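Sequences and hints are given; from them, build the entire structure.
Here is how the chains run, residue by residue.
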Amino acid sequence: MEDKLSHTESLKIINEMIAQAKNNFDKSGSFYFLLWGWVVMVANLGHYLLVRFTSYEYPFAVWLLTIPAALVAAWYGVRQKNKASVKTHFSGLYGDIWIGVGICIVLSLVFMPKINFNHGAIIMMLAGIGTFMSGRMLKFQPLVVGAIALWIASVVCFNLPETDQYLVGAIGILAGYIIPGYLLKSAEQ
Amino acid sequence: MKDLTPLDPLLHSQLRLGIMSLLISLESAEFTFIKEKTGATAGNISVQLDKLSTAGYIEIIKSFKGKKPLTTCKVTKVGISAFETYVKALKNYIE
Numbered sequence: 001m002e003d004k005l006s007h008t009e010s011l012k013i014i015n016e017m018i019a020q021a022k023n024n025f026d027k028s029g030s031f032y033f034l035l036w037g038w039v040v041m042v043a044n045l046g047h048y049l050l051v052r053f054t055s056y057e058y059p060f061a062v063w064l065l066t067i068p069a070a071l072v073a074a075w076y077g078v079r080q081k082n083k084a085s086v087k088t089h090f091s092g093l094y095g096d097i098w099i100g101v102g103i104c105i106v107l108s109l110v111f112m113p114k115i116n117f118n119h120g121a122i123i124m125m126l127a128g129i130g131t132f133m134s135g136r137m138l139k140f141q142p143l144v145v146g147a148i149a150l151w152i153a154s155v156v157c158f159n160l161p162e163t164d165q166y167l168v169g170a171i172g173i174l175a176g177y178i179i180p181g182y183l184l185k186s187a188e189q
Numbered sequence: 001m002k003d004l005t006p007l008d009p010l011l012h013s014q015l016r017l018g019i020m021s022l023l024i025s026l027e028s029a030e031f032t033f034i035k036e037k038t039g040a041t042a043g044n045i046s047v048q049l050d051k052l053s054t055a056g057y058i059e060i061i062k063s064f065k066g067k068k069p070l071t072t073c074k075v076t077k078v079g080i081s082a083f084e085t086y087v088k089a090l091k092n093y094i095e
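Protein chains in written order, with our numbering: chain U, 1 to 189; chain Z, 1 to 95.
Incorrect hints may appear among the rest.
Computed cross-link-like contacts, DSBU-like style, restricted to lysine-lysine with a CA-CA straight-line distance of at most 30 Å [stated by the list, open to error]:
id	chain 1	residue 1	chain 2	residue 2
1	Z	Lys68	Z	Lys91
2	U	Lys83	Z	Lys68
3	Z	Lys62	U	Lys87
4	Z	Lys67	Z	Lys91
5	U	Lys12	Z	Lys37
6	U	Lys81	Z	Lys62
7	U	Lys12	Z	Lys68
8	U	Lys12	Z	Lys74
9	U	Lys139	U	Lys81
Chain Z is faced by these chain U residues, among others (derived, beta-carbon under 10 Å) [stated by the list, open to error]:
id	residue
10	Leu11
11	Glu16
12	Met17
13	Thr54
14	Ser55
15	Pro59
16	Val86
17	Phe90
Keep in mind that the hints were calculated from the coordinates and are not lab data. None of these values were measured; they are calculated from a predicted model. The beta-carbon is built from N, C-alpha and C at its ideal position, and this holds for glycine as well.
Structure follows, in structure tokens:
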């Protein structure tokens with residue numbers, strides 16, 4: 001195709017192709033928000049209800065739910081990576097932010113006694129960073145609002161006893177992950 | 001009178017310019033993605049990719065996805081600089 005191009009046609013091609021590339025962000029973000037949103041909300045609520053209304057000795061056992069969730073997330077991540085026909089400059093960075101957030105969450109769980117069992121508040125704060133960055137990168141405002149909800153939940157948690165933090169955590173995750181997650185899912189389709 | 005640099009003939013072609021504009025915005029793209037976005041035929045794209053690769057503007061990586069052969073393309077530093085020069089020259093013509 002050695003056709004003659006006018007200057008304005010050249011410019012038009014450049015603009016069109018750059019726009020095409022831009023519109024091609026990874027369309028699997030909502031899966032993670034919904035997976036982790038539901039798992040963490042159910043675990044938070046479960047923990048709260050078990051402590052408040054039962055004398056069950058191991059209420060924290062509900063958090064074992066996060067193990068299969070992590071396996072599902074890893075399996076889904078590998079599958080999406082193999083399926084993707086394009087890699088943007090952002091795609092690596094997007095995942096890296098969540099890896100960083102995940103490491104910090106694990107660290108705050110390891111040092112729970114040292115942080116006076118305020119891990120719930122700290123996890124909300126960290127999840128807020130990831131959600132905020134995701135919202136900015138995808139240019140998706142509901143995630144930014146979700147991040148603010150998580151930070152508000154964090155402030156509330158810091159002022160409550162440990163057990164009540166689980167209830168606030170569940171509400172924070174509903175507002176910060178699940179609602180924006182469903183909105184993102186419908187935007188992706 | 002403005003000094004009008006001639007436009008790089010390698011980039012001044014509809015499909016090659018399209019491919020380069022696409023790749024410049026991405027880290028890498030598979031052949032199928034380029035085909036889908038440009039709407040050109042596989043044969044034509046192959047020919048143009050070879051020309052861009054010979055000039056050192058792009059890197060073509062051949063591998064396998066499962067059992068299927070996979071072609072991935074990536075713009076090089078030379079390609080980025082050629083693209084920038086082309087856009088600058090184009091601006092001078094239009095202004």
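Results for each hint:
Between Z:Lys68 and Z:Lys91, the direct Cα distance comes to roughly 42 Å. Violation of the 30 Å bound is thereby established for this hinted pair. The hinted pair formed by U:Lys83 and Z:Lys68 meets the criterion: a straight-line CA distance of about 13 Å does not exceed 30 Å. For a cut-off of 30 Å, the pair hint linking Z:Lys62 to U:Lys87 stands: about 16 Å separates their Cα positions. A distance of roughly 45 Å separates the Cα atoms of Z:Lys67 and Z:Lys91; the hinted pair therefore is violated under the 30 Å criterion.
Between U:Lys12 and Z:Lys37 the CA atoms are separated by roughly 15 Å; this keeps the pair inside 30 Å, and the hint holds. At roughly 17 Å between alpha-carbon atoms, U:Lys81 and Z:Lys62 fall within 30 Å of each other, so this suggested pair holds. A distance of roughly 35 Å separates the Cα atoms of U:Lys12 and Z:Lys68; the hinted pair therefore is violated under the 30 Å criterion. For the given pair, U:Lys12 sits about 22 Å from Z:Lys74 by alpha-carbon distance, which is consistent with the 30 Å threshold.
For the hint linking U:Lys139 to U:Lys81, the alpha-carbon distance of about 22 Å falls within 30 Å, and the restraint holds. Interface hint at U:Leu11: satisfied, since its Cβ lies 6 Å from the closest Cβ of chain Z, which is below the 10 Å cut-off. With 10 Å as the threshold, the beta carbon of U:Glu16 comes within range of chain Z, its nearest partner Cβ sitting at about 8 Å, so the hint holds. Taking 10 Å as the C-beta cut-off, the interface hint given for U:Met17 holds, the closest approach to chain Z being about 4 Å.
Hint on U:Thr54 is violated. Least Cβ distance to chain Z is approximately 50 Å, over the 10 Å limit. The interface hint given for U:Ser55 is violated, since its Cβ lies 53 Å from the closest Cβ of chain Z, which is over the 10 Å cut-off. The restraint placing U:Pro59 at the interface with chain Z is violated, with a minimum CB-CB distance near 45 Å, outside the 10 Å limit. Look at U:Val86: its Cβ gets to within about 5 Å of chain Z, closer than 10 Å, so that hint holds up.
Interface hint at U:Phe90: satisfied, since its Cβ lies 9 Å from the closest Cβ of chain Z, which is below the 10 Å cut-off.
The structure is inconsistent with the numbered hints 1, 4, 7, 13, 14 and 15, although it conforms to all the rest.
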